[in-house]
Amino acid sequence: MKSFLLDGERISFEEGETILQAAIRAGKYIPHLCFHPEFRPHGSCKLCTVKIAGRQSASCTRLAAEGLEVESETAELNAERLLLTQMLFVEGNHFCPSCEKSGDCQLQATAYHLGMTSAHFDHFYPNRPVDASHPEYLLDFNRCILCSLCVRASRDVDNKNVFALAGRGIATHLVVNARSGKLGDTDFAATDKAASVCPVGVILKKGKGFSVPIGSRTFDKKEIGEWVDTRLKERT
Amino acid sequence: MARLKVATATLAGCFGCHMSFLAIDERIFELVEHVEFDRSPINDIKKVGECDLGLIEGGLCNSENVEVLREFRKKCRILVAVGACAINGGLPAQRNPIPLSVILDEIYLGEAGIAHGVIPNDPELPLPLNKVHPLHEVVKIDYFLPGCPPSADVIWKFLTDLLAGREPEFGPELLHYD
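Those protein sequence lines, which keep their order, are chains A and B.
Position 49 of the first sequence, counting from 1, maps to 473 under this note's numbering, and the rest follow consecutively.
Position 64 of the second sequence, counting from 1, maps to 46 under this note's numbering, and the rest follow consecutively.
These are computed hints drawn from the structure, not numbers from a lab.
Watch out, some of these pointers could steer you wrong.
[As the list claims (entries may be wrong)] Chain B is faced by these chain A residues, among others (derived, beta-carbon under 8 angstroms): (1) Q480; (2) C520; (3) G527; (4) Y549; (5) P550; (6) N551; (7) E647.
Every residue, glycine too, gets a C-beta built ideally from N, C-alpha and C.
The shape of chain A in the complex, shown without the other chains:
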């Protein structure tokens, strides 16, 4: 079987696999937010950036190739990953103590993994009203990190196109595909893949609240690096 080196460790891969896919299958963690093993890569969060022959590359979009020497767990790359994570925190309104997703949130868990103790930059405090128009689900746009997983899930799995990313650059934002812009005016349903794919606290089931106590939530029990490949096991 073909293989490449990840931080000096041999990782085998199948033809057509990306570096990140092969790494996750081998139980190796490369920090990432917009990647999900069930979806085609988006390559936008850049947290999975690795270094190959002195050049940086997103490991979720870079195809694995025989003999590549890939660096990931280096002080330099982790410092840049931390900066990207801090920028995500200041761009939105991420108030963990009052978020239902706290403890189950991949942004928070990634920040823990990278040792983030403050967001470093000045906060934007954007004004993003909550959409509670749907009877079963609410959208809290304050926490959106533009990973596009709900866009991909709704389009590619649910065949509905409920979500989209609109605008460009710093003005990019999540929109709902209805004339009113409200989730309640779409055919979004609780059984949709898009209802369960959000890595942060945007797409939330109503009436659930803080149902799991602190200490028993996903990332209270497992560091994100040990959790990522559980998504593969769920699939098989």
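Given the coordinates of chain A, assemble chain B onto it according to the supplied hints.
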């Protein structure tokens, strides 16, 4: 060895971080052998003197908060943002997307049951800031202790690391934002 001088203050916070500090329980006997408290709600001293360490809970929601923070920065060799509000504004900062005038009107003029409301304007009252800010947006902060509140163990680990001359570090079991 001279005892470290420590000052603490709560700005736009709920005193929860101070309560968590007190939750170090009997370890406080060990602590007072190594530190001496300057200004703090614990002893009610009002003015901060020259200190080795300043612990600040809460963000900045009014002009007095900014004054106290700047005074702490001047007097404390090491200044620490303690808890979620000091680090990102926390709960008080959730007013930030709404204009201050709209909030004041709603609370003092529009609230049901207020017949002849007025917006308080006594010269002794510190003026509210347009937005609530975390500490690091106004002065340099040396260390951040996340958590709502940071647990007594986080505060203890930080203080004991500092007293022992180690760079304070938190393992994954102590790093929490909630």
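Now the hints, each set against the structure:
The beta carbon of Q480 of chain A comes no nearer than 27 angstroms to any beta carbon in chain B, farther than 8 angstroms, and the hint placing it at the interface is violated. Using the Cβ-Cβ criterion of 8 angstroms, the hint placing C520 of chain A at the interface with chain B is satisfied: the shortest such distance is roughly 4 angstroms. For G527 of chain A, the interface hint holds, the least distance from its beta-carbon to any beta-carbon of chain B being 7 angstroms, beneath 8 angstroms. Hint on Y549 of chain A holds. Least Cβ distance to chain B is approximately 4 angstroms, under the 8 angstroms limit.
The criterion of a C-beta within 8 angstroms of any C-beta in chain B is met by P550 of chain A, whose closest approach is roughly 7 angstroms, and the hint holds. Because the beta carbon of N551 of chain A sits about 4 angstroms from the nearest beta carbon in chain B, less than 8 angstroms, this interface hint is met. The restraint placing E647 of chain A at the interface with chain B holds, with a minimum CB-CB distance near 6 angstroms, inside the 8 angstroms limit.
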